[in-house]
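Listed here are the chains, written in short residue letters.
Number of protein chains: 2
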Amino acid sequence: MRFSSSLSFLSETSVDGVREQLFTLGEIPGVLWTPDGAVGTRPLVLMGHGGGQHKKAPGILARAHRFVAECGFAVVAVDVPAHGDRPKVEEYDRLAAENQARVAAGAELAPLIAEFQAMVARQTVPEWRAVLDAVQQLPHVGAGPVGYWGVSLGCGLGVPFVAAEPRVRAAVLGLGGALASAEAAARITVPVEFLVQWDDERVPRAEGLALFDALGSAEKSLHANPGLHGEIPAYELDSMIRFFARHLG
Amino acid sequence: MRFSSSLSFLSETSVDGVREQLFTLGEIPGVLWTPDGAVGTRPLVLMGHGGGQHKKAPGILARAHRFVAECGFAVVAVDVPAHGDRPKVEEYDRLAAENQARVAAGAELAPLIAEFQAMVARQTVPEWRAVLDAVQQLPHVGAGPVGYWGVSLGCGLGVPFVAAEPRVRAAVLGLGGALASAEAAARITVPVEFLVQWDDERVPRAEGLALFDALGSAEKSLHANPGLHGEIPAYELDSMIRFFARHLG
Numbered sequence: 063m064r065f066s067s068s069l070s071f072l073s074e075t076s077v078d079g080v081r082e083q084l085f086t087l088g089e090i091p092g093v094l095w096t097p098d099g100a101v102g103t104r105p106l107v108l109m110g111h112g113g114g115q116h117k118k119a120p121g122i123l124a125r126a127h128r129f130v131a132e133c134g135f136a137v138v139a140v141d142v143p144a145h146g147d148r149p150k151v152e153e154y155d156r157l158a159a160e161n162q163a164r165v166a167a168g169a170e171l172a173p174l175i176a177e178f179q180a181m182v183a184r185q186t187v188p189e190w191r192a193v194l195d196a197v198q199q200l201p202h203v204g205a206g207p208v209g210y211w212g213v214s215l216g217c218g219l220g221v222p223f224v225a226a227e228p229r230v231r232a233a234v235l236g237l238g239g240a241l242a243s244a245e246a247a248a249r250i251t252v253p254v255e256f257l258v259q260w261d262d263e264r265v266p267r268a269e270g271l272a273l274f275d276a277l278g279s280a281e282k283s284l285h286a287n288p289g290l291h292g293e294i295p296a297y298e299l300d301s302m303i304r305f306f307a308r309h310l311g
Numbered sequence: 063m064r065f066s067s068s069l070s071f072l073s074e075t076s077v078d079g080v081r082e083q084l085f086t087l088g089e090i091p092g093v094l095w096t097p098d099g100a101v102g103t104r105p106l107v108l109m110g111h112g113g114g115q116h117k118k119a120p121g122i123l124a125r126a127h128r129f130v131a132e133c134g135f136a137v138v139a140v141d142v143p144a145h146g147d148r149p150k151v152e153e154y155d156r157l158a159a160e161n162q163a164r165v166a167a168g169a170e171l172a173p174l175i176a177e178f179q180a181m182v183a184r185q186t187v188p189e190w191r192a193v194l195d196a197v198q199q200l201p202h203v204g205a206g207p208v209g210y211w212g213v214s215l216g217c218g219l220g221v222p223f224v225a226a227e228p229r230v231r232a233a234v235l236g237l238g239g240a241l242a243s244a245e246a247a248a249r250i251t252v253p254v255e256f257l258v259q260w261d262d263e264r265v266p267r268a269e270g271l272a273l274f275d276a277l278g279s280a281e282k283s284l285h286a287n288p289g290l291h292g293e294i295p296a297y298e299l300d301s302m303i304r305f306f307a308r309h310l311g
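Chains F and P, in that order, give the protein sequences.
Each position in the first sequence, counted from 1, maps to that position plus 62 in our numbering.
Each position in the second sequence, counted from 1, maps to that position plus 62 in our numbering.
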């Protein structure tokens, strides 16, 4: 196995009843949020951040605080390769430059993004499974039910992760298209809440609907709202909290 | 005005803290649910029942009880012409027979349903407005904010009603298609929660999505779930309650 199996903790703080522990697992920088003074096993939500973001991006932080404070869950997030505190990856940079050239020459963007995300997922799926292994050994987390939350890049990487990881019992996904993920999506069987932005300027509407369609889950719920890629309305966060509470709580 | 402006009450019962008053308004039979002992103005939800159903169909009754018990709302439902306690309408019977013949001869069903619903709506829109007028004069209802709930036939009749009635501040609609309702839908500006059944055997998926697309509302949320026309999952009722509580409460 290429991963260290135990966490090294770097720092610990507490804000509004939420304990935040920065850690590394081998070369992977991560953050764990739990209720202050938490003891014993609890549900754990792994959150995958968006492209260009990182493990403590404002949206990740805000959702993590609410999942911990309102549900008593543990939440963990790690930097995706070439994001946050992780070094650049030359192969990714080279591919990004190549893709820019291909788009400039008239190629469609969506298949290139799909190809890129599939490549990154081959690295993140085993990384995230190792993070689950390590975090679930902590006495204030334990081996409880696991949820996954991720949209945009977090969906592109999340679909193959949820498909591969039997500990995941429920997932919030969205802002992703079928081109990247339809095959893995068909292997997902857990309940999914799936977000589409009706006026998404990055993911064509039909691609988003096709990915929802491709999910193999018997219980899946599409929530579509007007607005651009980054404009998920605030009431969807309330809905996600109830969704995870129902399936993990 | 062709309607009597005051309600005649026929009976009153109470179950689980919910008071039920059967009434007529002229020729329209209706039912009003309010919290036991309610005094003063409160939000009012008008519910439109589905085709072949009536004002006290099990689904209507179950939702009404939850809206009253959990939100303290008043809920009113009336029989659509030719449904429930109302007499047959010869013109409708004639048209239904004609439509059956046209479908047997190869005509598409959806445009015929659309035409039929538009005709019924010309009668129900003024009826339902008169019901609001009368019910809002009651001291335990009053002139508070109004919501509308209706799917299937209740959507076909509800879209023109919500478009025409400025007292309605929020609506749950769905299981209807754009053919019947796109023009009126574009005039709706209040928040809408819109339900699509992903495997609807009566309303083609693209028709349902097109009706959501046609809604003029800045805040509108599409909730799509697997299953046939009649198989809206139970968790959507929880969602509707929160939707109405947010916009009317």
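Worth flagging that the hints you see were computed from the coordinates, not collected in a lab.
Backbone N, C-alpha and C define an ideal beta-carbon position, used for all residues, glycine too.
Treat the hints with care, as some may be off.
Cβ-to-Cβ under 10 angstroms is the rule here; a few derived chain P residues that face chain F [said to hold, decoys possible]:
| no. | residue |
| --- | --- |
| 1 | F71 |
| 2 | R81 |
| 3 | C133 |
| 4 | R164 |
| 5 | V258 |
| 6 | R264 |
| 7 | D275 |
| 8 | A280 |
| 9 | L284 |
| 10 | H285 |
| 11 | A286 |
| 12 | Y297 |
| 13 | E298 |
| 14 | S301 |
| 15 | R304 |
Here is what the structure says about each hint:
no.: 1; hint: F71; in the structure: violated, 38 angstroms
no.: 2; hint: R81; in the structure: violated, 30 angstroms
no.: 3; hint: C133; in the structure: violated, 16 angstroms
no.: 4; hint: R164; in the structure: violated, 32 angstroms
no.: 5; hint: V258; in the structure: holds, 8 angstroms
no.: 6; hint: R264; in the structure: violated, 19 angstroms
no.: 7; hint: D275; in the structure: holds, 7 angstroms
no.: 8; hint: A280; in the structure: holds, 7 angstroms
no.: 9; hint: L284; in the structure: holds, 4 angstroms
no.: 10; hint: H285; in the structure: holds, 6 angstroms
no.: 11; hint: A286; in the structure: holds, 4 angstroms
no.: 12; hint: Y297; in the structure: holds, 7 angstroms
no.: 13; hint: E298; in the structure: holds, 8 angstroms
no.: 14; hint: S301; in the structure: holds, 7 angstroms
no.: 15; hint: R304; in the structure: holds, 7 angstroms
Hints 1, 2, 3, 4 and 6 from the list above are not met by this structure, while the remaining hints are.
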